[in-house]
Amino acid sequence: MASVITLDGRRSPVKGWKKAKPRKVSQRRRVADKCGAERCFLRPSNLGYPICSTRSGCKPDCRGLLAAYSRAKANKAYRISAKARRIAKHQGCSWAKGK
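Reminder that position 83 of the sequence shown reads as 72 in this note's numbering, one-by-one numbering, no gaps.
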């Protein structure tokens, strides 16, 4: 599998999120029960757009926030993308500082 490199030669800021995110419904429910669905999902009604990893505890992950932001923009879910950017700024994520 090829590594993800950005156009300017740096490593992708979302690298590693694929393995860290809660993929299965059972994993998502476990994270929601442990930390709360409002805290770890940008769309808590159906446990969509996860932002907390299965390993890191209940703190939103910058990689998850960026993945949720870009996926929400692609799906034209503008409220979710704005929410992801707002949380990322509050968390101090490097990708949200200039926006």
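It cannot be assumed that every hint is accurate.
As the list claims (entries may be wrong) - The calculated label-pair distances, taken between Cβ atoms and stated as ranges, are:
id	residue 1	residue 2	range
1	Lys8	Cys47	12 to 20 angstroms
2	Gly87	Ser15	14 to 22 angstroms
3	Lys86	Ser15	32 to 40 angstroms
4	Ser15	Gly81	13 to 21 angstroms
5	Ser15	Ala71	24 to 32 angstroms
To be verified - Below, computed lysine to aspartate or glutamate pairings styled on DMTMM-like, alpha-carbon distance capped at 20 angstroms:
id	residue 1	residue 2
6	Lys78	Asp22
7	Lys48	Glu27
8	Lys13	Glu27
9	Lys4	Glu27
Hint data in this document are derived by calculation from the structure and do not stem from the laboratory. Positions of the beta carbon are idealized from the N, C-alpha and C atoms, including for glycine.
Tell me, in ascending order, the numbers of any earlier hints that this structure violates. 2, 4, 6 and 9
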